[in-house]
Amino acid sequence: MSWLSPQVMAIVIAVAQAVIILLAAVLLGAIMTVVERRLLGLWQDRYGPNRVGPFGSLQVVADMIKIFFKEDWIPPFADRTLFVLAPAIAMASLLLSFMIIPITPGWGIADLHIGLLFFFAMAGINVYAVLFGGWASGNKYALIGAMRASAQTLSYEVFMGLALMGVVAIAGSFNMRDIVAAQEGLWFIVPQFFGFCTFLIAGIAVTHRHPFDQPEAEQELADGYHIEYSSMKFGMFFIGEYVGMVLVSALIVTLFFGGWQGPWLPPILWFSLKTGAFLVFFVLLRASLPRPRYDRVMSFGWRVCLPLTLINLLVTGGVILLSSPQ
Amino acid sequence: MTVVTPPGGLSNEAAKATDRYREPVLEALRERFDTLNLVEQSTLTGMPILWIPRESLTEVLVFLRELPDPFSLLYDLSAVDERLRSHRNGLPDADFTVFYHLLSVTRNRDVMLKVPLTEADLKLPTCIAVFSNANWYEREVWDMFGIEFSGHPHLTRLLMPPTWTGHPLRKDYPARATEFDPYTLTVAGQEHEQQALKFDPEAWGMKRERSGNEFMFLNLGPNHPSAHGAFRLILQLDGEEIVDCVPDIGYHHRGAEKMAERQSWHSFIPYTDRIDYTGGVMNNLPYVLAVEKLAGIRVPPRVEVIRVMMAEMFRITSHLLFLGTYLQDLGAMTPVFFTFSDRQRAYKVIEGITGFRMHPAWYRIGGVMQDLPSGWQGLVQEFLDWMPKRLREYERAMMHNAIVRERTRHIAAFNTREALAWGVTGPNLRATGCDFDLRKKRPYSGYDQFDFEVPLAANGDVFDRGQIRIEEMRQSLRIIQQCVNTMPTGDYKADHPLTTPPPRERMLQHIETLITHFLQVSWGPVLKPNESVQMIEATKGINSYYLTSDGNTMSYRTRIRTPSFPHLQQIPSLMRGGFVPDLIAHLGSIDFVMADVDR
Numbered sequence: 001m002s003w004l005s006p007q008v009m010a011i012v013i014a015v016a017q018a019v020i021i022l023l024a025a026v027l028l029g030a031i032m033t034v035v036e037r038r039l040l041g042l043w044q045d046r047y048g049p050n051r052v053g054p055f056g057s058l059q060v061v062a063d064m065i066k067i068f069f070k071e072d073w074i075p076p077f078a079d080r081t082l083f084v085l086a087p088a089i090a091m092a093s094l095l096l097s098f099m100i101i102p103i104t105p106g107w108g109i110a111d112l113h114i115g116l117l118f119f120f121a122m123a124g125i126n127v128y129a130v131l132f133g134g135w136a137s138g139n140k141y142a143l144i145g146a147m148r149a150s151a152q153t154l155s156y157e158v159f160m161g162l163a164l165m166g167v168v169a170i171a172g173s174f175n176m177r178d179i180v181a182a183q184e185g186l187w188f189i190v191p192q193f194f195g196f197c198t199f200l201i202a203g204i205a206v207t208h209r210h211p212f213d214q215p216e217a218e219q220e221l222a223d224g225y226h227i228e229y230s231s232m233k234f235g236m237f238f239i240g241e242y243v244g245m246v247l248v249s250a251l252i253v254t255l256f257f258g259g260w261q262g263p264w265l266p267p268i269l270w271f272s273l274k275t276g277a278f279l280v281f282f283v284l285l286r287a288s289l290p291r292p293r294y295d296r297v298m299s300f301g302w303r304v305c306l307p308l309t310l311i312n313l314l315v316t317g318g319v320i321l322l323s324s325p326q
Numbered sequence: 001m002t003v004v005t006p007p008g009g010l011s012n013e014a015a016k017a018t019d020r021y022r023e024p025v026l027e028a029l030r031e032r033f034d035t036l037n038l039v040e041q042s043t044l045t046g047m048p049i050l051w052i053p054r055e056s057l058t059e060v061l062v063f064l065r066e067l068p069d070p071f072s073l074l075y076d077l078s079a080v081d082e083r084l085r086s087h088r089n090g091l092p093d094a095d096f097t098v099f100y101h102l103l104s105v106t107r108n109r110d111v112m113l114k115v116p117l118t119e120a121d122l123k124l125p126t127c128i129a130v131f132s133n134a135n136w137y138e139r140e141v142w143d144m145f146g147i148e149f150s151g152h153p154h155l156t157r158l159l160m161p162p163t164w165t166g167h168p169l170r171k172d173y174p175a176r177a178t179e180f181d182p183y184t185l186t187v188a189g190q191e192h193e194q195q196a197l198k199f200d201p202e203a204w205g206m207k208r209e210r211s212g213n214e215f216m217f218l219n220l221g222p223n224h225p226s227a228h229g230a231f232r233l234i235l236q237l238d239g240e241e242i243v244d245c246v247p248d249i250g251y252h253h254r255g256a257e258k259m260a261e262r263q264s265w266h267s268f269i270p271y272t273d274r275i276d277y278t279g280g281v282m283n284n285l286p287y288v289l290a291v292e293k294l295a296g297i298r299v300p301p302r303v304e305v306i307r308v309m310m311a312e313m314f315r316i317t318s319h320l321l322f323l324g325t326y327l328q329d330l331g332a333m334t335p336v337f338f339t340f341s342d343r344q345r346a347y348k349v350i351e352g353i354t355g356f357r358m359h360p361a362w363y364r365i366g367g368v369m370q371d372l373p374s375g376w377q378g379l380v381q382e383f384l385d386w387m388p389k390r391l392r393e394y395e396r397a398m399m400h401n402a403i404v405r406e407r408t409r410h411i412a413a414f415n416t417r418e419a420l421a422w423g424v425t426g427p428n429l430r431a432t433g434c435d436f437d438l439r440k441k442r443p444y445s446g447y448d449q450f451d452f453e454v455p456l457a458a459n460g461d462v463f464d465r466g467q468i469r470i471e472e473m474r475q476s477l478r479i480i481q482q483c484v485n486t487m488p489t490g491d492y493k494a495d496h497p498l499t500t501p502p503p504r505e506r507m508l509q510h511i512e513t514l515i516t517h518f519l520q521v522s523w524g525p526v527l528k529p530n531e532s533v534q535m536i537e538a539t540k541g542i543n544s545y546y547l548t549s550d551g552n553t554m555s556y557r558t559r560i561r562t563p564s565f566p567h568l569q570q571i572p573s574l575m576r577g578g579f580v581p582d583l584i585a586h587l588g589s590i591d592f593v594m595a596d597v598d599r
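Protein chains in written order, with the working numbering: chain Z, 1 to 326; chain H, 1 to 599.
Hints were generated in silico from the structure; no laboratory data involved. Accuracy of the hints is not assured; some may be wrong.
[Claimed, not checked] Dumping the calculated PhoX-like pairs for lysine-lysine here, alpha-carbon to alpha-carbon at most 25 Å:
| id | chain 1 | residue 1 | chain 2 | residue 2 |
| --- | --- | --- | --- | --- |
| 1 | Z | K140 | H | K207 |
| 2 | Z | K140 | H | K258 |
| 3 | H | K258 | H | K528 |
[Said to hold, decoys possible] Far from chain Z, by Cβ distances over 10 Å, these chain H residues were calculated:
| id | residue |
| --- | --- |
| 4 | P168 |
| 5 | G189 |
| 6 | Q195 |
| 7 | A332 |
| 8 | L372 |
| 9 | Q381 |
| 10 | Q449 |
| 11 | L514 |
| 12 | G551 |
Being a predicted model, the structure only gives us computed values, none of them experimental. Ideal Cβ placement from N, Cα and C applies to all residues, glycine included.
Using the sequences plus the hints, can you model the full thing?
Written as structure tokens, this is what we have:
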């Protein structure tokens, strides 16, 4: 058994961890579709799906079976290559971002020095999914949705990055584990409150969650950029949205709420609890808010959020300079 | 001026009604147009009806609109095929008659102009220049009767498909499917139909581009989540800005007016429920009131109060549906579930009393179907106690919400003058500050006995149209409470030979009552030749039935004027220069259902 050297073992463990995290992320995304419906039901004075399995827990299986067996239709007027590529990009870019998230001290896929930048890169690529999907569908509603999505994501990504620079400045690193470690005494939500607010807003906008679901805006665009998608291609967009929601929740927890840190309970439980709380918050937002008008969303981003992040960054920088020993 | 009365002379009531309307507008018309032979027709409509020659139509319309206290609302415009009418009795010769029903809000008076036309020369000048909302009405008349309006900018089919042949409301057009050849649709035929529905911007005088930028023509509907039914709107877009738009209706047309001409007076009642399908028995009310005018029935006070109570219940269910979908169109997904569960509570009451939920068809000629069940007070009171706190909650959670306000304030706003020019009525008119509620202005079915207020707003925007309906629900609750407190005792049907169906208790007394009952039920009641109109303040605006009886068991012509029709016609004038989300907000705030538009 000489080939079973410590290096090989480490590789096997890392791969196993990666596979588990990947499956967990996808599964969590899928389960969130049902959890969201149940929660919405709770808040909307109705039941939600409660027929399949105990408390509707197997609804996700039923949905999966349905979506796999639907006709996978590609419209004859669509641009085939891009049409097929788009959902793959949507899913892949979001799943890849999970790589940088340190779940517990021992769990995590990659410990990149530029962890945070990697996430920004992936979020940037994710725009292409929507843009390609909307363009390739050959549908006017999809096109308007894609236009809205790209404009919105670009605007909000500008200050999404800036919102996190305060965190990076305090932690002195782009590495996610360093950032979690830097929150040992005080979670960054306190010194970086405005950074947290703006990142939360940008996170919702980038994942196209209500009230920033302009690209989909059912009442206006009848489903926006994925209007022509069916079967698993639609499923990838659909699950992708929930995976994005899980990702943003996990990021918020890691960057502002001390990641896995917490007393008494094991780290994995702390991480899940905090992430779960944000997932529920996302659903609650959807249940309670109307949708602002698209141009207001844009001007809110540029006129309120961007200046706020810049001021936050300036103040953070100033405080760091003043309090540093030199 | 000649006065024409229906055969058999006028009943006392009709004479009274005519006297009441022998009024300044007639004097003024007589003075101004003394050279014309204006024929005045006495009817049970309660308004002066003048027959005028086609040549002076435009002049008379302009005159009426320019009067001090003008007739500024073209309330209705339609036609009658007179060719099979036997009791014309001295009316000017006509194969077809086009009628113009004008309304003056300041005078609170109506006047109807009728223009006789011969079959060989079915032509009229258009009056779009005088009343902008004549546009669709004239298209409908062309569509249904084949009467041409010279000078009309776009005289095409409105309710029927563009490929249709024939004019359905003509008397020689069959009313039943069995009178036609079986329907077939080939692949080529389907292709032909689809091509006919394709939008052609040039036909509407639209440009395809502006300074090198191509416009997008977006087909919104007839299947669209916010179209509130089978409604199609074609948008000319520059980015997300609406340059122009064209509403396309008729996808929900069922030929209700044609059906009225082959149903007995009694058996048409269930069809009225489905005109404004969210209004339930509210739709029965104008119809049975108009029939009762023709029959000369006075209903007992208990019937009036029961009718008011149920009509107001349906105003609440309709407004709840409105509120939920209005907020849903603004992107708030939750309120609709709450308003629907409230509606459920209202339907519990309605079902308990009428035995049916959405379309009870519960009013009868001369009464209602049954007396109130025992224990009805408790049922209604439970609902009355439940609603106020919910309405407060909706106001606090939604109408005070910053996003809702930002989406609705000063969006798609219009003033009273514009509203009247487009024929807007009901809450949408009152949102502009115009105090015109028929329940107060022309009380019917005993509304003058109730103590309630007419909510008004000032801006006439999307927000006001939502807020005013919440306030109307409160007033409806107030009216229903008074019904519960003061429900008179007495009969639920009028003691009149034309009450349909006649009280069953009296049916088996002797042969005479049995035969009357048999005839009433099998043939239906026969109403004397005359005409009557009843306008009511329905859930969405003013709804009226204009009935023409030719002394038969069926109506000779039933004109159903619905509020939603002009409300949709107004959309382009409001939305030019707006954004797509504003259009959706406006569509939500109009409160229309397509069944009410297309009939």
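Hint check results:
For the hint pairing Z:K140 with H:K207, the CA-to-CA distance comes to about 19 Å; that is within 25 Å, so the pair holds. Our distance criterion of 25 Å between C-alpha atoms is broken by Z:K140 and H:K258, whose separation comes to about 39 Å. Under the criterion of a C-alpha separation no larger than 25 Å, the hint pairing H:K258 with H:K528 is consistent with the structure, at around 20 Å. Every CB of chain Z lies more than 10 Å from the CB of H:P168, the least distance being 32 Å, so the non-interface label holds.
Non-interface status of H:G189 relative to chain Z is upheld: no Cβ of that chain comes within 10 Å, the nearest being about 22 Å off. For H:Q195, the requirement that its beta carbon stay farther than 10 Å from each beta carbon of chain Z is met, with the minimum near 17 Å. The claim that H:A332 lies off the interface is violated: its Cβ sits roughly 4 Å from the closest Cβ of chain Z, which falls inside the 10 Å cut-off. Consistency note on H:L372: stated as away from chain Z, and its beta-carbon is indeed over 10 Å from all of that chain's, at 30 Å minimum.
Taking the minimum C-beta to C-beta distance to chain Z, about 23 Å, the non-interface status of H:Q381 holds against the 10 Å cut. For H:Q449, the shortest C-beta to C-beta distance to chain Z comes to about 37 Å, beyond the 10 Å cut-off, and the non-interface label holds. The beta carbon of H:L514 sits about 53 Å from the closest Cβ of chain Z, which is more than 10 Å, so the claim that it is off the interface holds. With 10 Å as the threshold on Cβ separation, the claim that H:G551 sits away from chain Z holds: the shortest Cβ distance comes to roughly 51 Å.
Checked against the numbered hints listed earlier, the structure breaks hints 2 and 7; every other hint is satisfied.
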